[in-house]
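**Student:** Sequence:
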Amino acid sequence: MRSHNGLWVYEKENFDVTANESIEYWLSVEYFNLGYYMNKVVRVQDIMPEAELKTFGDMTTTAPLTTPVSIQTTKPADCEASVTTVNGKSVGCKNSIIFNEDFNSDNLKHWSFDTRFSDSAADAEFNVYEKRNETSYIRDGILVLKSELMTKLNTFDDTRIRIGNYNLQERCTPILTGNERECERQGSFGYILPPVTSSYLTTRNKFSFMYGKVQIRCRVARGDWLYSQILLQPIVSETTSLNSSRHLKILFVRGNENLVDGQDNVGGSRVYGGAVLSKNVKNNEKWLKSKEFPNDHLGNEFHVYELLWTPSQISLSIDGKSYGSLQSTLRESAIEAKIKSAVNWANNGPFDKEHFLSIMVAAGSVKNFYSINSSMVNGAEQKEKPWSDTDPRAEYSFYLARDKWYPTWIKPTLEVDYIKIFSV
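For any residue, its number in this note's numbering is found by taking its place in the sequence shown, counting from 1, and adding 67.
These are calculated hints, taken from the structure and not from any lab test. Check before you lean on any hint, since a few could be wrong.
[To be verified] Once the Cα atoms are required to be at most 16 Å apart in a straight line, the calculated EDC-like pairs of lysine to aspartate or glutamate come out as:
1) Lys219 <-> Asp470
2) Lys198 <-> Asp173
3) Lys358 <-> Asp386
4) Lys434 <-> Asp458
5) Lys471 <-> Glu215
All chains should be built: construct the whole structure from the sequences, respecting the hints.
**Tutor:** Put into C-alpha cells, the structure is as follows:
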C-alpha cells in the first residue's frame, strides 16, 4: 500500500475479478496509539483495460488522480457513543479497535519488560523476571514467554543459587522506587536466590484504557507449579505499595496436569478470571469465576480468552462461551469483606480508572498455590506440594524438589497469538 496525492492505493497482481462481483475488505489504522477499524463491501462495476491505467513511478492506478480525497470529520450516522478512554482520551464510537497486537514483528513499541525480583508483599513467586533471549522471543508471529531454571544459564550454578549474589543494577525496573529487594538478592543459609528466571511483559506507561472488550488468543504453560497469567492493572503512583492488590484477571491457569484442592481439580484444566480486591486470597474467591475442562489441559492448544469490562459489569468467556460475570462496582461488597481501603473508593469503584496490560509466566508462589497442601494427582502417583507457604525458606524447599517437578515442564511457555481490545 502506497500514498499518492492524498489517496492510499493498494495494488494486487494476479487477482481475477469480474463485473458485479463483491469484494469485502477491512482497514485497520493506528494513529497516535489509537486504533480505527472499518469493514466494507464494494461491488465491481467495470473492468478497466490495462492500457487505460496510469502509472505513477512504480504505482499504477486509474487516471486521473488529481481530485483531493474527501475526509469525513463528523461521526458516522451509525456511531454509538463509547465510554472507553485510551491514555486519558475519549474514544468516539463503540466497537472501535483501540489496541491490536499480532506479534508479526519484533517491534514491541507498546510493551516493556519488567526486570526485577518478586517481592514478598506481592505473590512472592520463586523466580526473577528478566528480559533474556532464552526466555522471551517472537516465533512465527507468536510471542513466547518462558520459565527456565537459573542453573541452565551459563552464569549460574548450584553454589551461586545457594550463597551467591545477584544484582540487576541499572537493568532493574522496580515497581516501588527505592525498594532494593526488587533489584538485588544475596543467598545464604537456606535463603537462596530465585531458582527460576521468567518473563513479564507490560504496557505500563505506554498504553492504558478504561472500559473495553479484551480478546486474547494464547496457549498457557504446562508443568508442575508453573502458572500463566494475563492481567489488567491500575495505573498507580510510584510511591504506592508494591502490591496494589486490585486488578482484573483476564486469565489465570496453573500448569500442573492434575492439581487437587479438596475435591476440586484446580490444575491446568481450570481457568480463572475476574476481580482481585484484597491481599487475602480467601477474600478474593467471591470475585473470581472459573471453568473446568475435565481431562483437557488448557495448555494443549490455543484458546481465545475474553474479558468484557463496562461501567456496570465484568464478563468472562473462553472460546466464545461465557463462564461468569460480576458487577464492576464492588465498593459495597468490598466493605462487607472488611477491606479497609474500600471506604475511600468512589461509588463506581474500584475499577473506574485506566488499566494497563501485563502478561507473565511464573513459577511457585506463597499465594497462588495457597491452599493446595494435600497432593497432586498424576495418574496413580501422589506427589506432595514441596513447600509450605508459611515457611520463610519456601523457595529453598521448592528448589530442593527440582528433580521431581522440573521433568514435568513439558512446555513451560505462555504463547500469545494476538491481543485485541475494542471500545464499549
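**Student:** Each hint: holds or not?
**Tutor:** Hints, one by one, checked against the model:
This hinted pair checks out: Lys219 and Asp470 have alpha carbons roughly 14 Å apart, not beyond 16 Å. Taken as a hint, the Lys198 and Asp173 pair is honoured in the structure, with Cα atoms around 14 Å apart against an allowance of 16 Å. For the proposed pair Lys358 and Asp386, the alpha carbon gap of about 12 Å is at most 16 Å, so the pair holds. Between Lys434 and Asp458 the CA atoms are separated by roughly 12 Å; this keeps the pair inside 16 Å, and the hint holds.
With a CA separation close to 15 Å, the supplied pair Lys471 and Glu215 stays within the 16 Å bound.
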